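Trainee: Take these sequences, add in the hints, and give me the full structure.
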Amino acid sequence: MIRKIKIVLVFMLVGLVAMADSTQFVMEGPEVVAMGEQFRLGFTLNERGTDLQLPDLSNFDVLMGPSTSQSSSIQIINGKTTQTSSFSYIFILRAKKEGKFSIRPASIKVGGKTYESNSLNIQVVKGQPQQSSGQQGGSQQNAQQQQDDTPSGNISKDNLFVRVAVDKTNVSKGEQILSTVKLYISQNVPLNGFDDVKLPSYEGFWTKDIDVPTQVNFTREVYNGKIYQVGILKKTILFPQQTGNIRIDPFEITCLVRQRVRQQQGFFDDFFDNYRVVKAKVVSDPVTINVKDLPNQPANFNGAVGNFTFSGTLDKTTAKSNEAMTLKLTVSGTGNLNLINPPKIELPQDFEAYEPKTTDKTMASDNGMSGSVTFEYLFIPRYAGNFTIPAVQFVSFNPSTRQFVTKSTEAFNIKIEKGKDDQNSGVVNSYSKEDVKMIGKDIRYIKQNRTQLKPKGSTFYGTIEFYSIFILSTLAFAVFYVVNRKKIEESKNLTLVKNKRANKVALKRLKEASGFLKSNQAEKFYEAVIKALWGYLSDKLAIPVADLNREKAAASLLDKGIEQDVVSELMKIIDDCEFARYAPSAFSGTMTEIYDGAAKVMGIFEKQIK
Amino acid sequence: MKRIIYTILAILFTATVFAQNDLIQKANEHYAKEEFQKAIDGYNQILMAGIESPEVYFNLGNAYYKTKQYTLSILNYERAKLLAPDDQDVEFNLQVANQKVVDSIQELPGIFIVRWWNAIVNSQTTDTWAVISIICFVVFLTMMGFYFFAKTSEVKRITFWSGCFLILFTIFSWSFAAKQKSRLVNHSYAIVMQPTVTVKSSPSEKGTNLFVIHEGLKVRITDKLGDWVEISLSDGNKGWLLTESVERI
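Sequences listed follow chains A and B, in order.
Heads up: the first sequence runs through residues 0 to 609, numbered per numbering that gives the first Met the number 0.
Heads up: the second sequence runs through residues 0 to 248, numbered per numbering that gives the first Met the number 0.
The hints are simulated quantities; they were obtained by calculation from the structure and are not laboratory data.
These figures come from a predicted structure and were not determined experimentally.
Even for Gly, the Cβ is constructed at its ideal location relative to N, Cα and C.
Don't take every hint at face value.
The calculated DSBU-like cross-link candidates involving lysine-lysine, where the alpha carbons are at most 35 Å apart (straight line), are [claimed, not checked]:
| no. | chain 1 | residue 1 | chain 2 | residue 2 |
| --- | --- | --- | --- | --- |
| 1 | A | K455 | B | K178 |
| 2 | B | K150 | A | K491 |
| 3 | A | K356 | B | K67 |
| 4 | A | K172 | B | K67 |
| 5 | A | K356 | B | K178 |
| 6 | A | K291 | B | K37 |
Rough simulated footprint, nothing fancy, chain A against chain B, three-plus residues with beta-carbon under 8 Å [what the hints assert, rightly or not]:
| no. | stretch |
| --- | --- |
| 7 | 21-34 |
| 8 | 91-97 |
| 9 | 125-134 |
| 10 | 139-149 |
| 11 | 155-164 |
| 12 | 177-190 |
Which chain A residues stay away from chain B? Per the calculated CB distances, all over 12 Å, these [stated by the list, open to error]:
| no. | residue |
| --- | --- |
| 13 | S185 |
| 14 | Y201 |
| 15 | T312 |
| 16 | S457 |
| 17 | L516 |
Mentor: Laid out in structure tokens, this is it:
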């Protein structure tokens, strides 16, 4: 489709050129005239024509015409001879009434063919040259007086001024503004030249100058109902870079104006007018532009404001590893093309990517900045495989609708085959390793588990619970200690009880023994006495029976303050009992003797051991 | 033990805590959906209620990080670290966030014993140390019991020495708990909140400009006078700045 259009366009262009080569028929005239003013309307044809058909000129008086003229020139360049000739028809017209009139094309026949000229728009404003010249006559004297004092004072602000014209004063950030610096000169002020041009600084804007011819062409224009000669000094496209009210500083220019000086010194002087060049400094009024910020910008907005189309092409879809590929993204249209940041592309991880290269083919014209910007991304796939570069999105802001427009390319599928140069794989590995490291640079994810919330600054340490645990455990220990001690005490008391009970038990045993004595059972008698004695000693001295022997008992008894003879007596009784039991022949005493002895010893112990 | 205590505390604050738990869930969901601003609001609402936990500070720090408010995220990670000094995730994220800080200050190395000592103190929270000291004390009492009522000298010797160690442990862990608690209460560290702060030599506007620090930096507050605080950097530099330019951790 696009190709077809291109072909058609090319043919059309060729056609135009061909036409331009053969025959041109042009109508020329001023854009603005004053009422009653005479002006020229000219038709130019580069060939001889016949039968000129004039358009409807009923709004104008045709004062004269047509006057025809012919010119021809012959050029010989590098031996080639070209002959050009032109025929012109001039009419002198005068406007009848005020208003805007359009003159329809005229037609002429050349060799049987009819050619049409362009059409013209002519604005007719209230006539002033006549009036002003009349006034001038009256005020001439005054003006002259002033002129003597201040030579430049005569050039009033009405007659000569500079204006910075902007095509809009309410814009969005980044929207383009066409700023034109125009010099307005009243028709009767002769301008000689310029001096000291001080251009506005356009602070707060990114600027791009539009080429204007260095030789200023003056055209007629109506401003505030007056006709001026207007020269365009400078045209600039402005892109506001900040928001708020931005003031454009005034433009300053010094004009050199030729003025007639009439000196009344001599008679002849009146014949020859003296002219002198007067410097007149003109300053334009400052212009303020209100710049609005863009509404909430999407994340991938990269500063494009205007009307754009967006396309992307990949130079190849199959390649070998370690072979460079380029992705070209082109933004074309009108807007702040030079200020667009390269869109971000998401390459697969182990692709080695380079900084994008930006080339712009832009042109500044009266319609603003237009053309295209191309971003070239060079990258090298390091591994074989199938990869996808996701669709690249381009977000631009359309100032006329005040909306963001997202355009995107298609996703690109790439097939990478294994390349020959495997010796590079070592390097490649290190690349991918570094990549992995880079990916890992993010914070760890939030903690999802239910948390133990507590009041701010509260800690278990320092609370009553904390201290009370210490105190309570100490108390518990104290209680445990006291209770345990008491138990030990009580077990000590047990020996005391045993001590107290000892006599009773012993007496009981002795009673038993006395029973055996009466029934004359010697064996059992001695045994009972021995038992009674040992049991008594064990209880009394708090020594277990098993641990008890003669030496221990004697030592313990002596310890407790029992006299030696009592102890010996006890030992004798014990010895006697044992002799009587195991060697009755060696024993000479009687059972009664032993019985009495034991009772007596026990009685002594009972008194002395407490 | 710890759990029981927390349960008791939790019961005391049951009503609020349950409501807050729902809030955390909600804020976490916002975070998962990448609605970070809503998550931030949610976490802050919890903290406004006077309730905290290291997880809330950590998650809030994450949300701030995701919205590129690195200074606030550092502040919240530091607060989380204060409550959970041994958490690896907090430490990691704090390091990542600290890479966004402009100033890089070489920390004075310090004596290794002091560093080890601080590492030990910081390895547990106040409450953990408190619980450790309680356990040590209770075991100590048990040992005392064995010592007093032991029959044999062997047992007595063992219980005596272990009792001595245990009472030492109790004292140390108690003092660690006290130290951690004082860190929580005194807030002696602060984060610089203003993009650029000029540190003065004296607490007045007229003081000589000593050096310039940038937001996100952690400083230690060493003194206070009116609207001014004296700070000391980890490289040993000291100076005065306005209280409003720093936020206590």
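Trainee: Each of the hints needs a verdict: does it hold here or not?
Mentor: Each hint tested on the structure:
no. : hint               : result
1   : A:K455 with B:K178 : 17 Å, holds
2   : B:K150 with A:K491 : 15 Å, holds
3   : A:K356 with B:K67  : 29 Å, holds
4   : A:K172 with B:K67  : 25 Å, holds
5   : A:K356 with B:K178 : 59 Å, violated
6   : A:K291 with B:K37  : 28 Å, holds
7   : 21-34              : holds (count 3)
8   : 91-97              : holds (count 4)
9   : 125-134            : holds (count 6)
10  : 139-149            : holds (count 5)
11  : 155-164            : violated (count 0)
12  : 177-190            : holds (count 5)
13  : S185               : 56 Å, holds
14  : Y201               : 30 Å, holds
15  : T312               : 33 Å, holds
16  : S457               : 7 Å, violated
17  : L516               : 44 Å, holds
Checked against the numbered hints given earlier, the structure breaks hints 5, 11, 16 and satisfies all the rest.
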